[in-house]
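Model the full structure from these sequences, guided by the hints.
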Amino acid sequence: MSEHRHVILSLIDRHHQQLLAEWLACQKRDARIADPQREKEIAGLAGRFLDQLRRGAIAQADDIQMAEWQPVREVLEDLSRDRAIQGFSPSETAIFVFSLKEPLFALLRREFAIDADRLARETWTASRLIDRLGLYTIESYARVREEVITRQQQELLELSTPVVELWDGILALPLIGTLDSARTQIVMESLLQRIVTSGAEIAIIDITGVPTVDTLVAQHLIKTISAARLMGADCILSGIRPQIAQTIVHLGLELNVVSKATMADALALALRRANKTIIDREPSAATRT
Amino acid sequence: MPTESDETMPLRTSDDVVRVRQAVRARAVSAGFSLVDQTKLVTAASEVGRNTVDYGGGGTLRIEVVSNGRRRGVRLTFTDQGPGIADLTLAMKDGYTSGSGLGLGLGGAKRLSNEFDIRSAPGQGTIVTLARWT
Ligand SMILES: Nc1ncnc2c1ncn2[C@@H]1O[C@H](COP(=O)(O)OP(=O)(O)O)[C@@H](O)[C@H]1O
Ligand SMILES: [Mg+2]
Numbered sequence: 001m002s003e004h005r006h007v008i009l010s011l012i013d014r015h016h017q018q019l020l021a022e023w024l025a026c027q028k029r030d031a032r033i034a035d036p037q038r039e040k041e042i043a044g045l046a047g048r049f050l051d052q053l054r055r056g057a058i059a060q061a062d063d064i065q066m067a068e069w070q071p072v073r074e075v076l077e078d079l080s081r082d083r084a085i086q087g088f089s090p091s092e093t094a095i096f097v098f099s100l101k102e103p104l105f106a107l108l109r110r111e112f113a114i115d116a117d118r119l120a121r122e123t124w125t126a127s128r129l130i131d132r133l134g135l136y137t138i139e140s141y142a143r144v145r146e147e148v149i150t151r152q153q154q155e156l157l158e159l160s161t162p163v164v165e166l167w168d169g170i171l172a173l174p175l176i177g178t179l180d181s182a183r184t185q186i187v188m189e190s191l192l193q194r195i196v197t198s199g200a201e202i203a204i205i206d207i208t209g210v211p212t213v214d215t216l217v218a219q220h221l222i223k224t225i226s227a228a229r230l231m232g233a234d235c236i237l238s239g240i241r242p243q244i245a246q247t248i249v250h251l252g253l254e255l256n257v258v259s260k261a262t263m264a265d266a267l268a269l270a271l272r273r274a275n276k277t278i279i280d281r282e283p284s285a286a287t288r289t
Numbered sequence: 290m291p292t293e294s295d296e297t298m299p300l301r302t303s304d305d306v307v308r309v310r311q312a313v314r315a316r317a318v319s320a321g322f323s324l325v326d327q328t329k330l331v332t333a334a335s336e337v338g339r340n341t342v343d344y345g346g347g348g349t350l351r352i353e354v355v356s357n358g359r360r361r362g363v364r365l366t367f368t369d370q371g372p373g374i375a376d377l378t379l380a381m382k383d384g385y386t387s388g389s390g391l392g393l394g395l396g397g398a399k400r401l402s403n404e405f406d407i408r409s410a411p412g413q414g415t416i417v418t419l420a421r422w423t
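Taken in order, these protein sequences are the chains called A and B.
Be aware that the first sequence starts at 1, since it is given in my numbering, and climbs by one per residue.
Be aware that the second sequence starts at 290, since it is given in my numbering, and climbs by one per residue.
It is possible that some hints are incorrect.
[What the hints assert, rightly or not] Here are the computed lysine-lysine pairs in the DSSO-like style, where the Cα-Cα straight-line distance is at most 27 Å: (1) A/K223 - B/K382; (2) B/K399 - B/K382; (3) A/K28 - B/K399.
[As the list claims (entries may be wrong)] Residues from chain A shown here face chain B by an in silico Cβ test under 8 Å; the list is partial: (4) S89; (5) S91; (6) I176.
Don't read these hints as lab results, they were simulated from the structure.
Since the model is a prediction, treat every value here as computed from it, not as a measurement.
C-beta: ideal position from N, C-alpha, C; glycine also.
Printed below as a string of structure tokens:
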């Protein structure tokens with residue numbers, strides 16, 4: 001069972017330079033590499049890979065998940081990370097591993113030219129090993145892509161949750177879009193955070209842009225309103241459209257919060273509470289400026 | 290009763306709940322629902338759909354647009370193979386939750402629908418069917 005690894009080991013030992021050169025040529029052809037910088041970088045990775053593959057082969061471990069293959073896996077993880085972040089496709093990434101087949105099988109053919117049986121067996125086992133390493137590459141590529149996407153989503157969540165200071169001591173949180181629980185959580189936390197840092201005493205939560213208020217969204221609202229209250233800020237809920245008001249009633253929700261039809265009404269109330277007034281200017285004063 | 294459209298969607302994650310809301314909204318619009326009726330149906334779908342994900346361990350939603358000659362309607366069927374519900378009367382009761390919700394989802398969904406039916410038994414999963422008409 002482990003014999004084939006000895007074969008790979010001895011092939012790498014005896015033909016290291018040739019194997020590396022032919023492999024790089026195959027990669028250059030298959031992945032259409034024109035950039036000399038990238039070529040150099042791939043040569044570096046390929047050299048590292050062959051060295052580590054040799055070690056894995058010595059250990060004769062049969063399963064590439066085993067500890068002996070860890071250094072090989074690390075080379076492939078580095079490759080995948082790099083490629084995924086630079087925006088290469090999964091196949092462009094996996095060509096690195098799969099293109100080793102051609103020069104390796106050529107060496108095997110020369111080695112076992114007179115033993116067709118052995119050749120078939122060795123080719124099959126070598127092929128299986130490379131397939132596994134190739135699949136591992138694709139898997140780690142997918143993992144990195146996922147991480148990248150999750151991070152981007154996270155950034156998007158934060159971007160789309162602005163807490164604005166409308167007036168000294170008056171914050172507003174205009175909620176827009178679908179409030180899935182992850183987003184709601186972040187939005188509400190950023191409001192509470194701003195209440196702490198600004199010392200605001202009034203927070204207007206505007207839900208004009210929220211298409212659905214279900215019990216989960218309501219629960220988030222209720223929790224935020226009570227947390228804000230504990231921190232010394234009163235909330236005003238604005239922008240409850242008629243259809244939302246009806247569903248809230250049917251759901252049996254009690255929000256226990258002052259609400260106003262529009263953000264403008266909410267701001268007027270907030271200013272009144274803060275003992276501030278907005279008055280129309282004299283017409284003459286307006287024309288003078 | 291003629292069926293105008295019939296589709297089934299997966300309900301496994303909270304992202305699926307968002308997609309379900311969008312799909313139900315689109316069907317309600319195509320069936321000619323008013324804004325109030327759309328919102329009621331979508332909210333009911335959100336409640337029951339989230340239960341399918343949270344308590345039923347995931348399942349599916351079937352969305353049918355139907356017509357009975359005079360009126361058009363949207364029928365939603367939520368199916369899961371989860372633990373089921375031992376006491377349906379208790380589960381339907383406002384304020385009852387076995388988790389950390391408000392316990393208003395099932396009762397609310399029933400009030401937001403024209404037809405509402407729930408079938409469940411321990412170990413047998415849960416099927417909720419609800420419909421709203423124009
Ligand atoms: N698909 C389901 N599978 C198992 N249990 C469910 C399912 N749907 C609802 N339940 C049970 O019914 C209870 C009430 O549901 P609901 O009224 O939506 O309130 P909440 O979701 O806030 O708990 C849930 O806490 C749960 O125990
Ligand atoms: Mg619920």
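Comparing the hints with the structure gives:
1. A/K223 - B/K382: holds (22 Å)
2. B/K399 - B/K382: This hinted pair holds, its Cα atoms lying about 11 Å apart.
3. A/K28 - B/K399: violated (64 Å)
4. S89: Where the cut-off is 8 Å and the nearest Cβ of chain B is about 25 Å from A/S89, the hint is violated.
5. S91: violated (27 Å)
6. I176: violated (15 Å)
In terms of the numbered hints stated before, the structure departs from hints 3, 4, 5 and 6, listed from lowest to highest.
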